[in-house]
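**Q** Protein chains in written order, with the numbering used here: chain V, 1 to 150; chain X, 151 to 300; chain C, 301 to 450; chain P, 451 to 600.
FYI, nobody ran anything at the bench for these hints, they're computed from the structure. Some hints could be false.
No more than 30 Å apart at the CA atoms, straight line, and that leaves these computed lysine-lysine pairs for DSSO-like [to be verified]:
no., chain 1, residue 1, chain 2, residue 2
1, C, K445, V, K145
2, V, K145, X, K247
3, C, K445, P, K547
4, X, K295, V, K97
5, X, K295, P, K595
6, C, K397, P, K595
Going by beta-carbon spacing under 7 Å, a handful of chain C positions derived as facing chain X [said to hold, decoys possible]:
no., residue
7, K389
8, N391
9, L393
10, R409
11, V416
12, L436
None of these values were measured; they are calculated from a predicted model. C-beta atoms are modelled at their ideal positions from N, C-alpha and C, and glycine is treated no differently.
Protein chains: 4
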Amino acid sequence: MSFEPIDPGYEERVRASFARQPFMAHIGAQLSEVGPGFCEIRVPYAPELTQQHDFIHGGVVGTIADDAGGYAAYTLMPADSTVLTVEYKLNLLAPAKGDVVIARANVIRPGRTLTVCTAEVTAVIGDSSNLCATALMTIMRLDGKPDAAV
Amino acid sequence: MSFEPIDPGYEERVRASFARQPFMAHIGAQLSEVGPGFCEIRVPYAPELTQQHDFIHGGVVGTIADDAGGYAAYTLMPADSTVLTVEYKLNLLAPAKGDVVIARANVIRPGRTLTVCTAEVTAVIGDSSNLCATALMTIMRLDGKPDAAV
Amino acid sequence: MSFEPIDPGYEERVRASFARQPFMAHIGAQLSEVGPGFCEIRVPYAPELTQQHDFIHGGVVGTIADDAGGYAAYTLMPADSTVLTVEYKLNLLAPAKGDVVIARANVIRPGRTLTVCTAEVTAVIGDSSNLCATALMTIMRLDGKPDAAV
Amino acid sequence: MSFEPIDPGYEERVRASFARQPFMAHIGAQLSEVGPGFCEIRVPYAPELTQQHDFIHGGVVGTIADDAGGYAAYTLMPADSTVLTVEYKLNLLAPAKGDVVIARANVIRPGRTLTVCTAEVTAVIGDSSNLCATALMTIMRLDGKPDAAV
Numbered sequence: 001m002s003f004e005p006i007d008p009g010y011e012e013r014v015r016a017s018f019a020r021q022p023f024m025a026h027i028g029a030q031l032s033e034v035g036p037g038f039c040e041i042r043v044p045y046a047p048e049l050t051q052q053h054d055f056i057h058g059g060v061v062g063t064i065a066d067d068a069g070g071y072a073a074y075t076l077m078p079a080d081s082t083v084l085t086v087e088y089k090l091n092l093l094a095p096a097k098g099d100v101v102i103a104r105a106n107v108i109r110p111g112r113t114l115t116v117c118t119a120e121v122t123a124v125i126g127d128s129s130n131l132c133a134t135a136l137m138t139i140m141r142l143d144g145k146p147d148a149a150v
Numbered sequence: 151m152s153f154e155p156i157d158p159g160y161e162e163r164v165r166a167s168f169a170r171q172p173f174m175a176h177i178g179a180q181l182s183e184v185g186p187g188f189c190e191i192r193v194p195y196a197p198e199l200t201q202q203h204d205f206i207h208g209g210v211v212g213t214i215a216d217d218a219g220g221y222a223a224y225t226l227m228p229a230d231s232t233v234l235t236v237e238y239k240l241n242l243l244a245p246a247k248g249d250v251v252i253a254r255a256n257v258i259r260p261g262r263t264l265t266v267c268t269a270e271v272t273a274v275i276g277d278s279s280n281l282c283a284t285a286l287m288t289i290m291r292l293d294g295k296p297d298a299a300v
Numbered sequence: 301m302s303f304e305p306i307d308p309g310y311e312e313r314v315r316a317s318f319a320r321q322p323f324m325a326h327i328g329a330q331l332s333e334v335g336p337g338f339c340e341i342r343v344p345y346a347p348e349l350t351q352q353h354d355f356i357h358g359g360v361v362g363t364i365a366d367d368a369g370g371y372a373a374y375t376l377m378p379a380d381s382t383v384l385t386v387e388y389k390l391n392l393l394a395p396a397k398g399d400v401v402i403a404r405a406n407v408i409r410p411g412r413t414l415t416v417c418t419a420e421v422t423a424v425i426g427d428s429s430n431l432c433a434t435a436l437m438t439i440m441r442l443d444g445k446p447d448a449a450v
Numbered sequence: 451m452s453f454e455p456i457d458p459g460y461e462e463r464v465r466a467s468f469a470r471q472p473f474m475a476h477i478g479a480q481l482s483e484v485g486p487g488f489c490e491i492r493v494p495y496a497p498e499l500t501q502q503h504d505f506i507h508g509g510v511v512g513t514i515a516d517d518a519g520g521y522a523a524y525t526l527m528p529a530d531s532t533v534l535t536v537e538y539k540l541n542l543l544a545p546a547k548g549d550v551v552i553a554r555a556n557v558i559r560p561g562r563t564l565t566v567c568t569a570e571v572t573a574v575i576g577d578s579s580n581l582c583a584t585a586l587m588t589i590m591r592l593d594g595k596p597d598a599a600v
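Taking the hints into account, I'd like the entire structure generated from these sequences.
**A** What follows is the structure in structure tokens.
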């Protein structure tokens, strides 16, 4: 699907919002790509991000799936809005065993109030990549609430 | 509902597994209570755990809901098993604005292979507590796979 | 939780809406109870409602969980609104083996736009009742759109 | 993704199981296509399948999404197994306004015990088709339990 953003400054707006989330820095997340109705977030492996089997923790996987979905939706929203996740469902398909995990989210149905997105999280080792989670989520637009704290 | 654990050493087993998850330490999570079919995890507010409005990030909320659910299920599993989250759904009900967020998970249907749990996450400020998320999740038991990395 | 409906005529409104759904009659569903933030729907066993093992089909279980959730939310909405399900998740816990299946839905977080509900579906045989499904759902209020077709 | 069924007789097996579900006949559902890891189910509009605005009821949409997902998974299972839905999540994206609704389900991760599928439901009027729901679901294989009632 291809989307036409209402706000031509959508990419800077999304990047600025991402940069205001200290938790993204705390897990080493990078906003690697932003497009209309699309967002990609990467997290390189780090020992402090793991679970008991030295794979990247499902909490990191869920966090970036959720964040990527919210920002994919946010690309299509107006400049003076903010965004919140209403709910998401995540199926964990394989351990996140890799040098980096990458969440790619796409809008599947934009709406004035609610936007529905999917996200896939893959774990990459060298040249090979493995789908480790898939998510389906509902995102809400809030108008007249600036995304930046005042 | 009241449950009878098959493994009398379930609490130590759950606590040992939790202690082996570096990501729990990285977000400052504490395993505050473990009972048969029940688990509670707390995370005190810290600036590095926040999103753009200085509330605790939804990723932290999702992480502890998922972890608490997995460990609630794990209390009822045998000693030589490990546990993994198949999937969870999380509804975010209010911003996690508080001095501490607390996830409480309960088993609602234990099973030989699959266990279904719910989790609620509340944010606490002083004496007042606010429900900020609710989750419904499916957890799988893996036999003959030790929880500790070899 | 206890709720104060804005519309004192909420019960008649919900019952009238239910009566306008031909599919409810087609599956033999009865709106057995309506209260503030609460709704109960029953479906007696009938051979045409079953799956391959002669249990009531999961589709019937999902249908009444969804409908009960929508109407639980609708009890708290204003007179000139209508209601739609944004999404729901259903865990099927046991086969719906019984003389009747009963969905009971409760609002857990009402909101101006979105309301979050849970629903439980039990199958009853004689005096014994078995939880066969649990759901977590998001319901949306639409203002100025009459529930009755014009 | 392309899949190799273990049971060459998978299509007859799925069709026979579908034919044993009286509820499918009760809603006028047709099993229109079966392939490896894929299943399509159609339901033509009928007045008794509608909700209060004369659209096809969300319960019908959920029922065929769930059934299509289960059978998509079942195509990849062995001959002497049966299948059950563990859970599904459904986002309703638009009213099911059409001459026919079509659920198309695909396996995204097959497994020995659990299989994860997605399903999309579209409503078709003449030449135009509208996505009205999307689902993400978990299906379980049960070995040594015949699908046919004994």
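**Q** With reference to the structure, classify each hint as holding or not holding.
**A** Results for each hint:
no., hint, verdict
1, C:K445 x V:K145, "holds, 26 Å"
2, V:K145 x X:K247, "holds, 17 Å"
3, C:K445 x P:K547, "holds, 17 Å"
4, X:K295 x V:K97, "holds, 17 Å"
5, X:K295 x P:K595, "holds, 26 Å"
6, C:K397 x P:K595, "holds, 17 Å"
7, K389, "holds, 4 Å"
8, N391, "holds, 5 Å"
9, L393, "holds, 5 Å"
10, R409, "holds, 5 Å"
11, V416, "holds, 5 Å"
12, L436, "holds, 4 Å"
The structure shown violates none of the earlier numbered hints.
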